[in-house]
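Number of protein chains: 2
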Amino acid sequence: MASLEFDLIDRYFKEPFGPLLASHATRVPLGIGDDCAMLNPDPGHTLFVSTDTLVSGVHFYPDVAPQDLGWKALAVNLSDLAASGAEPLGFTLALSLPALDPAWLHHFSDGLLRIAQTHRCPLVGGDTTKTNLPGGLSITVTVFGQAPALHSGFPRSSAVEGHRLWAQGLPGLARIGLLLEADQRGLYDTVAMQPDSAVWTALKAGMPQAVRLRACQQLNCPQPQIQLGLQLRNLAAACLDTSDGLSGDVAHIAQASQVAVLIKESALLDAWHRAFPEWIGQLNLNERQWLLDCALTGGDDYGLCFTAAPTADVALRQLSGPHALFELGMVTAGQGVWLQSQGDASLNPVPLVKRSYTHF
Amino acid sequence: MASLEFDLIDRYFKEPFGPLLASHATRVPLGIGDDCAMLNPDPGHTLFVSTDTLVSGVHFYPDVAPQDLGWKALAVNLSDLAASGAEPLGFTLALSLPALDPAWLHHFSDGLLRIAQTHRCPLVGGDTTKTNLPGGLSITVTVFGQAPALHSGFPRSSAVEGHRLWAQGLPGLARIGLLLEADQRGLYDTVAMQPDSAVWTALKAGMPQAVRLRACQQLNCPQPQIQLGLQLRNLAAACLDTSDGLSGDVAHIAQASQVAVLIKESALLDAWHRAFPEWIGQLNLNERQWLLDCALTGGDDYGLCFTAAPTADVALRQLSGPHALFELGMVTAGQGVWLQSQGDASLNPVPLVKRSYTHF
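Heads up: the sequence lines are chains S and L, in that order.
Count the first sequence with the UniProt record's numbering and you get residues 1 to 360, in order.
Count the second sequence with the UniProt record's numbering and you get residues 1 to 360, in order.
Since the hints were made in silico from the structure, they are not lab data.
Hints are not guaranteed to be accurate.
Restraint-style ranges between C-beta atoms, simulated for each label pair [unchecked claim]:
1) L:H106 to S:A315: 56 to 62 Å
2) L:V64 to S:D101: 49 to 55 Å
3) L:L150 to S:S23: 21 to 27 Å
4) S:S197 to L:D101: 40 to 46 Å
5) L:T332 to S:P148: 46 to 52 Å
6) S:P148 to L:D270: 53 to 59 Å
7) S:Q342 to L:V58: 50 to 56 Å
8) L:H106 to S:Q342: 45 to 51 Å
9) L:G135 to S:R120: 52 to 58 Å
10) L:A275 to S:P43: 45 to 51 Å
11) S:G206 to L:L187: 57 to 63 Å
12) L:R317 to S:L230: 17 to 23 Å
13) S:L150 to L:D270: 53 to 59 Å
Taking lysine to any residue pairs in the SDA-like style, the calculated list, with each CA pair at most 20 Å apart, reads [what the hints assert, rightly or not]:
14) L:K130 to S:M193
15) L:K14 to S:G135
16) L:K130 to L:A149
17) L:K14 to S:A103
18) L:K130 to L:D10
19) L:K204 to L:R233
20) L:K204 to L:P98
21) L:K130 to S:P62
22) L:K264 to L:E161
23) L:K264 to L:A333
24) L:K130 to S:V58
25) S:K14 to L:D101
26) L:K14 to S:Q258
27) L:K130 to S:G135
28) L:K130 to S:Q255
29) L:K14 to L:D101
30) S:K14 to L:K264
31) S:K14 to S:N132
32) L:K130 to S:A103
33) L:K130 to S:S157
34) L:K14 to S:Q255
35) L:K130 to S:A192
36) L:K130 to S:D63
37) L:K264 to L:E287
38) L:K130 to S:A256
39) L:K204 to L:N284
40) S:K14 to S:P134
Ideal Cβ positions, reconstructed from N, Cα and C, are used throughout, including at glycine.
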């Protein structure tokens, strides 16, 4: 690293993040500026680590508000801690910049600081590099958390026949946000997975402003479910965050645990109905089906999805209101993800083709 | 993440790195495949963290051998652990790929595995993303290490008047490697910091093959000084790895510790002379001065540079042979980095202008 880079790091990262770091001096005795940062998890605690990269043009539009980008870069990583039931300790930031834009850096740092403060997660180190490619902005955050040594971390392999499947938030909401943002830029065709845009056009026309706002908010500023993750420590078995679309996410649990997972369409629709009763009440059958597809295949939601034994039902129901938690299905013997269709009283689930988003 | 990405991660990262991870099951109870990896430093130990990004066209030529790139991506991070006196625990890998090239991935994974095995540092997690930019390859590694809680971590702020300054390796060697590699590609002008290429042309003409090989090796496959870092735990005060050019690196210590640091040119030349006596013996005054400039301003060496109290002299001299360690100068009252010129018996150091490499 050289002088300009040091100035930049000092001004936009070391200084504004200094007080938060200083207030964590016991857990982070050495922060930005040395070869390594030092971290002290509390005695008897295990460390949790996750890393996620956001690449311009792949994970966000180049013209996205830098505050939102700063928020999201840490949010998607904190969401992994949440899905492991870990408490945040700190994070490192690796930033590749095509240019030095002080205004952009100021706002990016602002959004990043806001979420870091919200979750008491100090910036402990990083690396800023120049890329020669215009539009080559990319952001890699590595986040550190802790949990008592006895906590399992909710591995995907721990779902068991007879567990309930629970979900949190509104699966598909971020996908609607993405479609709205793409539409605004005349780019609907590049992100639409459903070939028929007529349903989308009708849906969009009748979509209340409140839905639009929440959908874009969910896409750009997702709320990592750290508090819920901590409350699930003695309740959940396998848990993950819904980043790749519900069906793909749940397939990971099914595969790792060698079980079948049944998703009830009606539970998904009910969740949407609770959030937006008037709007959902007006949708016709095609539109509801479109919304269900969105919920099953749209990524970037960063809600939690987990399995739990029936003995956890009462406790989970108490958490359900404040955290928008709902029962989504069940774990059975078998393999893969199955879907129980709307209004189908019989138990004849059909195998679900995995349709979640793929980069390559 | 979607299916192709999972296949790719399994084939090139999860499977080949599996045995190394499995042999670290106590320290890494949960590795690749869940939202977070879990790490258990040994009881009474502090965790050390560092992150470094390598960007195509900035930190390496796009046609660099992928084995070397895999090696270097982890090496530059392990070097930060070495400079903190920490023992490796594991690392995460965030890889942004413009395309899926199985042969490239195979060789990259190979080089990465080789250094991971050498330093017993398992891959514990990661994120693979697609970038839409041709040539947009970038690699961010975050490395984790540990040291007993009483170990200071050699912060840059702990140099004290009266300390000796020590260096390890051959400062400037990687810079010669870079010039050779650039030359081969007809790109000498893009990396030369010295405007006069006549000296370089003459130097290169007389450069033995052994020097060329070692220089390119130093550039492409640097050896992180983990063992030396561990042996320095009770000997060194401030320590860093020489990644930005010796003068810039030492300036960090001077600034953080509020001291002046004196570098003796003769000590640098002696180190080069010990390594290549015949070649250095033949150089004229201009060529020696060119080499000194290289040593002071050329980056990417990843040797260690540290201060130590005179009471550590005997122990450090015992380490000096096997680790190519040498006394480079001293810490005095004042500010900044000073240079004592060759053959100047008086103590009239001159302020050294910082000339290390800058991205921006």
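Q | Which numbered hints fail | A | 1, 2, 4, 9, 12, 15, 16, 17, 19, 20, 25, 28, 30, 31, 32, 33, 38 and 40
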